[in-house]
Amino acid sequence: MNRSLIIGAALSAVFVIAALVSFVWTPYDVLGLDIPNKLKEPSAAHWLGTDHFGRDIFSMIMVGARTSIAVAVVAVGIGMLLGVPLGLAAAARTGTLLDEVIMRGNDLVFAFPSLLIAIMITAVFGASALNAIIAIGIFNIPVFARLVRGAALSLWTRDYVLAARVSGKGVARISFEHILPNVTNLLIVQGTIQFSLGILAEAGLSYVGLGAQPPTPSWGRMLAESQTMFSFKPHLAIFPGLAILLTVLGLNLLGDGLRDWLDPRLRRAKR
Amino acid sequence: MSLLSVENLNVSIHGTQILRDVTLSVEAGQIVGVIGESGSGKSMTALAIMQLLPEGAQAEGRVALSGHEMLELEEGALCGLRGNEVGMVFQEPMTALNPIQTIGRQVAETIRIHENVSRREAIERAREALRRCELPEERFPLSRYPHELSGGQRQRVVIAMAIALQPKLLIADEPTTALDVTTQAEVLRLLKRLAREDGMGLLLITHDLAVVADMADEIVIMRKGEVVESGASPAIFETMRHPYSLALLEASDHQPARSEHVLEAPLLSVRNVVRDYALPRAGLFGGAKHFRAVKGVSFDIRRGESLGLVGESGCGKSTLTRAILGLEEVQGGEILLDGEPVFSGKRPNRAVRRKMHVVFQDPYGSFNPRWKVGRLVAEPFHLLDDPPVGGAREMAIISALEKVGLSAADADKYIHEFSGGQRQRIAIARALIIKPELIILDEAVSALDVSIRAQILDLLADLGARFGLTYLFISHDLSVVRNVTDRCLVMQAGEIVEEGATADVFERPKHAYTRELIAAVPQLPKKRSA
Numbered sequence: 049m050n051r052s053l054i055i056g057a058a059l060s061a062v063f064v065i066a067a068l069v070s071f072v073w074t075p076y077d078v079l080g081l082d083i084p085n086k087l088k089e090p091s092a093a094h095w096l097g098t099d100h101f102g103r104d105i106f107s108m109i110m111v112g113a114r115t116s117i118a119v120a121v122v123a124v125g126i127g128m129l130l131g132v133p134l135g136l137a138a139a140a141r142t143g144t145l146l147d148e149v150i151m152r153g154n155d156l157v158f159a160f161p162s163l164l165i166a167i168m169i170t171a172v173f174g175a176s177a178l179n180a181i182i183a184i185g186i187f188n189i190p191v192f193a194r195l196v197r198g199a200a201l202s203l204w205t206r207d208y209v210l211a212a213r214v215s216g217k218g219v220a221r222i223s224f225e226h227i228l229p230n231v232t233n234l235l236i237v238q239g240t241i242q243f244s245l246g247i248l249a250e251a252g253l254s255y256v257g258l259g260a261q262p263p264t265p266s267w268g269r270m271l272a273e274s275q276t277m278f279s280f281k282p283h284l285a286i287f288p289g290l291a292i293l294l295t296v297l298g299l300n301l302l303g304d305g306l307r308d309w310l311d312p313r314l315r316r317a318k319r
Numbered sequence: 003m004s005l006l007s008v009e010n011l012n013v014s015i016h017g018t019q020i021l022r023d024v025t026l027s028v029e030a031g032q033i034v035g036v037i038g039e040s041g042s043g044k045s046m047t048a049l050a051i052m053q054l055l056p057e058g059a060q061a062e063g064r065v066a067l068s069g070h071e072m073l074e075l076e077e078g079a080l081c082g083l084r085g086n087e088v089g090m091v092f093q094e095p096m097t098a099l100n101p102i103q104t105i106g107r108q109v110a111e112t113i114r115i116h117e118n119v120s121r122r123e124a125i126e127r128a129r130e131a132l133r134r135c136e137l138p139e140e141r142f143p144l145s146r147y148p149h150e151l152s153g154g155q156r157q158r159v160v161i162a163m164a165i166a167l168q169p170k171l172l173i174a175d176e177p178t179t180a181l182d183v184t185t186q187a188e189v190l191r192l193l194k195r196l197a198r199e200d201g202m203g204l205l206l207i208t209h210d211l212a213v214v215a216d217m218a219d220e221i222v223i224m225r226k227g228e229v230v231e232s233g234a235s236p237a238i239f240e241t242m243r244h245p246y247s248l249a250l251l252e253a254s255d256h257q258p259a260r261s262e263h264v265l266e267a268p269l270l271s272v273r274n275v276v277r278d279y280a281l282p283r284a285g286l287f288g289g290a291k292h293f294r295a296v297k298g299v300s301f302d303i304r305r306g307e308s309l310g311l312v313g314e315s316g317c318g319k320s321t322l323t324r325a326i327l328g329l330e331e332v333q334g335g336e337i338l339l340d341g342e343p344v345f346s347g348k349r350p351n352r353a354v355r356r357k358m359h360v361v362f363q364d365p366y367g368s369f370n371p372r373w374k375v376g377r378l379v380a381e382p383f384h385l386l387d388d389p390p391v392g393g394a395r396e397m398a399i400i401s402a403l404e405k406v407g408l409s410a411a412d413a414d415k416y417i418h419e420f421s422g423g424q425r426q427r428i429a430i431a432r433a434l435i436i437k438p439e440l441i442i443l444d445e446a447v448s449a450l451d452v453s454i455r456a457q458i459l460d461l462l463a464d465l466g467a468r469f470g471l472t473y474l475f476i477s478h479d480l481s482v483v484r485n486v487t488d489r490c491l492v493m494q495a496g497e498i499v500e501e502g503a504t505a506d507v508f509e510r511p512k513h514a515y516t517r518e519l520i521a522a523v524p525q526l527p528k529k530r531s532a
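Just so you know, the protein sequences line up as chains A and B, in that order. Take the first sequence: its position 77, counted from the start at 1, is 125 in the working numbering, and no numbers get skipped. Take the second sequence: its position 333, counted from the start at 1, is 335 in the working numbering, and no numbers get skipped.
These are calculated hints, taken from the structure and not from any lab test. It should be emphasised that the depicted structure is a prediction, and the values quoted were computed from it without experimental measurement. Quick reminder that beta carbons are idealized off the backbone N, C-alpha and C, glycines included. Just to be clear, a hint being listed does not mean it is correct.
As the list claims (entries may be wrong) - Sample of chain A residues at the chain B side, in silico, Cβ under 10 Å:
id: 1; residue: Leu201
id: 2; residue: Thr205
id: 3; residue: Tyr208
id: 4; residue: Leu210
id: 5; residue: Ala212
id: 6; residue: Gly216
id: 7; residue: Lys217
id: 8; residue: Val219
id: 9; residue: Arg221
id: 10; residue: Glu225
id: 11; residue: His226
Please take these sequences and the hints and turn them into a complete structure.
Written out as structure tokens, the structure is:
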């Protein structure tokens, strides 16, 4: 076991557990206002203090984790579900029109600045968590398609693929029986990294008001709302900021650790 | 005093003993061949001499290279010796060269690392080194890149880099294993000439007894980290007495006992087959160009026969194999198996494909690492309309594994638990499971150690006799083809230049290319009279 895998897994687990616990329990209600207790510094009653409506920041970060994780999971899911088959198809039919169409389509999506397009989508279809998910998901498709195509191209030259063709298996069957299982390591690693990028993108969209809408708590909007009060109540920005930082750091460490751990060659070298 | 003297060298890595009391010596101008199979410690010996041992390795004993005690020197001093006093040539020339630097620059760089000379002078010496390695500047300008050269030419660049500083000792680790037989002969001749001209000691490491038999003055035979026998060549072939040396000698020229059961009726007929590849388009306009890899090839394989197909890399034999297997459509001619085309109506013909299977060269790349052996072996069942299921499937897998000398328990293991020779057995089991008539062996024994190769050849001969199999034996290794085939074809540049009974082709080759190939094969000394 390597250190980055353990630290990454632990950090990620903390936020996932916080999000899950928030479904059944939070220290305070995040929807209820408590104006008398607004803008309190961290104390025994409110561990991380309260915001300008008197809501408990610790509770809001727990519920915000839920929003962030949900958006990122679905966005990565969209990317994998569409991107992986496209990449497999492009690799299986390399050099053909299909390959060209898929890969040039990917280039097209890659060529657009992703956050701008996400802003455009939410501007046209309205700001909501769902639209944020779709916008982030679309930009995950080419990431997975390219990754899978690249890895699959080299697998297609292996003798065991040739042996499967000699055994009469078709392109689709070989893709799913032989190619896909041998790219799962890559997918898991890339998935964790895209997951952290999804959390960052969600925070960014919420920051400009295009993500989850009030009153649903979101880390990005907590940062945005703290902006005007940062000079005299810095804890309003510091805690949601730390939450984003630690989650993304945790997921990146997890991705790195998984890559080393899943790669038998690297694993052997470490021993 | 010897140029290199290794005395009682012991190497262990993390407590595992790798080398045991290795003792050998190389004199100036002498060629010493070190032979052994994989795991014999021959490469580790070379690394120990250079002090390039992997992390965690402990070396004891004595390694003296022209007066330097290698085991006692600091890393800094060793760096000065490597390249300067001792040069090294590896197996794979492509990875030993930097693909984005010209050959002249690469050779010049090695000079400049060790000697404080001007760039101009380094280039001048690089030119000379390349010329000595038969790459004269008029034909191979220094501005060439590695990808513009053939495998043999690249290996010469690597040799030029190794000899540019006129080292006293050159270590060549399997320098010709990745090369074709004619290229191998040229590179070996070059190494021999350089050693003689410069009075340079040459330590030639190889798995091929015949290679060293031809050129070494002294032979060292290693097994499992120990020197089992050593002596002057060729006298050693008369006097060798260690059972392993004798077994190695026998396996190098192994002749499996084969039974004759050839029928006259052809099983496979290849008629005027043409195979074109589209080349990448040069520009946006203008039609795509084609490369003709197979130019109108015709031959028959009779039922029960073992037919050899020999040729060097790029001659079109792999392309032809794919066409026979029905993996790719041909542009002309026809391929009939048992009277039926392998490829009909733009699709491979399933009924025909059932009658043949293939065993590939690489025992490591031939299996999906995530599947268990049982599933791997059963994969060809996909070709059957009504494949066995449940218990019948299990039985078929077990029976196929037992035919190749493995056990039922092996079906539940993953492929990485098996050695190279066992993997080739599994590949044969996979080919046998649908009871084919024709098995195509595409360099199937080329990656194996000689003793394992002998076992696999025996297995193939035995299976052939028991099940009346027909073999198409594709190989670049002429000595193997000679021992296991009835008839053979010689292929050059997409055409079959000679065809005939194997004994005739080897004894009385008609075509110039065949003669060249046979002359290039390293020969073992004549068998000892019993």
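Going through the hints against the structure:
The beta carbon of A:Leu201 comes no nearer than 15 Å to any beta carbon in chain B, farther than 10 Å, and the hint placing it at the interface is violated. Interface restraint check for A:Thr205: the shortest CB-CB distance to chain B comes to about 9 Å, inside 10 Å, so the restraint holds. Using the Cβ-Cβ criterion of 10 Å, the hint placing A:Tyr208 at the interface with chain B is satisfied: the shortest such distance is roughly 5 Å. The criterion of a C-beta within 10 Å of any C-beta in chain B is met by A:Leu210, whose closest approach is roughly 7 Å, and the hint holds.
At about 6 Å, the closest approach between the beta carbon of A:Ala212 and any beta carbon in chain B falls short of 10 Å, and the interface hint on this residue holds. Hint on A:Gly216 holds. Least Cβ distance to chain B is approximately 4 Å, under the 10 Å limit. At a threshold of 10 Å, the smallest CB-CB gap from A:Lys217 to chain B is about 5 Å, leaving the interface hint in force. With a cut of 10 Å, the hint placing A:Val219 at the interface with chain B is violated, because the nearest CB-to-CB distance is about 12 Å.
Hint status for A:Arg221: holds, given a least beta-carbon distance of 8 Å to chain B, under 10 Å. Hint on A:Glu225 holds. Least Cβ distance to chain B is approximately 8 Å, under the 10 Å limit. Look at A:His226: its Cβ gets to within about 5 Å of chain B, closer than 10 Å, so that hint holds up.
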